[in-house]
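Here the protein sequences line up with chains Z and E, keeping their order.
Mapping of the first sequence onto this note's numbering: position 291 corresponds to residue 291, and the numbering continues sequentially without gaps.
Mapping of the second sequence onto this note's numbering: position 246 corresponds to residue 246, and the numbering continues sequentially without gaps.
Hint data in this document are derived by calculation from the structure and do not stem from the laboratory.
Be aware that a few hints might be false.
[What the hints assert, rightly or not] Covered stretches of chain E (in silico footprint by chain Z; criterion: 3 or more residues with CB under 8 angstroms from a CB of chain Z, positions within the stretch not fixed):
id: 1; region: 38-51
id: 2; region: 128-142
id: 3; region: 230-236
id: 4; region: 266-279
Remember, it's a predicted structure, so these values are computed and weren't measured experimentally.
Glycine included, every Cβ here is placed at the ideal spot set by N, Cα and C.
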Amino acid sequence: MASLVLSPAEQDFIIRGIEKGFRGDGRGNLDRREVTLRTGMISQASGSARCRIGNLGVGTDVLVGVKAEVNAWTPGEPEALGSVVCNVECSPSAAQEFEGRGAEEINVELTQLLDRVISRGSQGAGGLDLSALCIIPKQAYWVLHVDALVLDVRGSIADALVMAARAALMDTRLPRVVVETITDDSGTAQAEFDVVDDAEDLVALKGVSGLPVAVTFNQVGKRYVVDASEQEEAVTQAKLTVAVSPALEICAIQKGGIFRGFQPSLMSEILQTAQRIAKEELTRFVALYEEAAKHKEQQSDGPSTGSTFLVAF
Amino acid sequence: MDVDTEPPATRDIASRIVTPGTLITSDPAYMRGHGTFVENTAIYSSVAGAVERINKLVSVRPLKQRYGGEIGDIIVGRITEVAAKRWRVDVNSRQDGVLLLSSINLPGGIQRRKSESDELQMRSFFAEGDLVFAEVQSYFADGALSLHTRSIQYGKLRNGTLVTVFPQLIPRSRNHFHSLPCGVDVVLGVNGYIWVSKHVPASTIEENSEMIYSDKNEFISDDERETIARIANCIQLLNRLYVKITDTSIIFAYEASLGHAVKDLLTQDIATDLAHAVKSRLDQQA
């Protein structure tokens with residue numbers, strides 16, 4: 001994202017710092033910033049989460065809502081699977097270059113990324129169980145609309161996006177569906193389903209804990225950094241977003257950046273490092289999600305708006 | 001917020017925090033100032049901020065406000081556009097400021113006259129993205145700030161990093177360029193842009209008048225880099241915890257931060273502790 005234009009002196013300062021492994025805010029090349037996670041703030045959605053990567057109340061802020069709908073099956077679609085439809089939108093208030101049609105390209109890039117990580121990457125790799133989303137084969141299935149809104153940008157959108165999407169899917173609760181087989185007069189068995197309209201009778205998604213986390217590596221000079229800030233992204237020449245599952249398998253890779261490509265040896269080093277970092281991130285995610293769940297419980301009577309999300313100081 | 005029904009003599013209406021729409025006073029003796037509006041002789045606040053009263057004038061000072069720009073302000077700006085005989089500069093205000101070609105020092109001595117070739121190679125002085133340390137000279141008719149760098153300490157900024165803070169945390173003072181005892185120079189732009197850089201002795205700058213528009217950084221050692229990062233983090237935590245940013249408060253924050261690793265300074269717990277330590281030390285000093 002060539003949004004921020006830095007002076008040659010600033011760029012040189014950043015590049016030399018990264019070469020020495022000492023970034024502008026004192027982090028090492030593989031150190032990540034603080035993450036704040038909250039879930040369940042959109043009461044009309046089946047599941048929602050908001051993730052902010054950054055310190056002291058400011059950072060890359062992504063809000064994800066999951067809405068479940070029942071779709072009628074049409075010939076040509078998989079016979080016994082549900083589906084997931086992703087959409088990412090960068091809010092024009094997040095950055096100046098997103099005004100008007102400025103965000104079109106990045107919206108497409110991030111939607112493709114989320115699609116790869118959530119629906120395509122996880123099928124068969126131990127992620128979301130799409131067959132559990134089927135209600136009646138060749139008749140009806142659940143479709144999950146995963147909608148993401150990027151509210152603020154301070155670097156590392158992809159990481160925040162995937163983390164928020166993961167948390168939103170873990171927070172998602174579907175109404176229970178009762179399937180009955182009715183034999184009509186002519187003797188043919190027909191399956192019918194009924195969605196139970198009880199706010200307490202909800203079912204979680206199967207396979208959510210198998211979803212991957214994403215780690216983005218930005219190449220600066222001869223080194224790479226993880227969780228790049230806006231300034232570091234301005235001097236990035238190429239980046240690689242790697243999605244790693246809890247089984248430490250690589251589920252999806254997306255390369256961004258048009259200025260240069262990766263050396264194959266560097267790429268394999270990055271993929272190895274990605275596994276190690278993903279393990280740490282998954283542990284951190286579990287702790288963050290538990291804290292978010294506790295927060296949600298305490299706030300169950302309060303307004304479910306984003307203002308309670310801000311770090312209080 | 002309580003409706004102000006007591007007569008003003010028994011209760012001072014100043015220093016209350018109000019939100020838009022709060023009734024400040026219904027006494028017709030008061031005049032309304034900035035940040036207020038009048039409805040049926042009652043004065044209401046139109047912004048979120050603190051009420052101020054000077055004799056009969058009631059105004060509300062907003063907690064958060066765009067940098068406005070006064071003549072004589074020392075600011076740090078980023079060049080956004082190179083136009084005919086001028087540069088447009090982002091000064092963190094409602095409008096971009098303007099830096100005229102006739103308002104800068106040309107290399108080769110302050111007295112050198114502007115030539116036609118200077119107009120054609122404006123990017124050799126300032127290009128898009130460059131950071132400039134300038135002073136507000138005047139206003140244009142549309143309210144845009146006109147800047148100048150006609151002094152040896154102004155000009156292009158190098159050897160460091162930019163920190164953006166809330167403009168109202170930087171008080172206007174006599175001196176905005178500080179050489180801190182830890183070996184780092186700090187430029188406190190009143191518009192909220194702060195430049196933290198390696199200390200370069202003033203004599204070096206004066207000797208090389210040809211090099212004032214150079215883009216090359218000096219060599220920065222590991223220790224200097226760490227100190228720059230530490231000061232930048234201190235400024236950022238002062239900003240987020242809403243402490244006034246002066247050379248004194250930065251030095252206090254720096255001294256309090258020495259017990260922690262640089263990257264930990266921006267974590268919530270440590271940042272809050274440090275900000276409280278700085279605040280109490282500033283109170284003691286006052």
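Hint by hint, here is what the structure shows:
no.: 1; hint: 38-51; in the structure: violated (count 0)
no.: 2; hint: 128-142; in the structure: holds (count 4)
no.: 3; hint: 230-236; in the structure: holds (count 4)
no.: 4; hint: 266-279; in the structure: holds (count 5)
Checked against the numbered hints given earlier, this structure breaks only hint 1.
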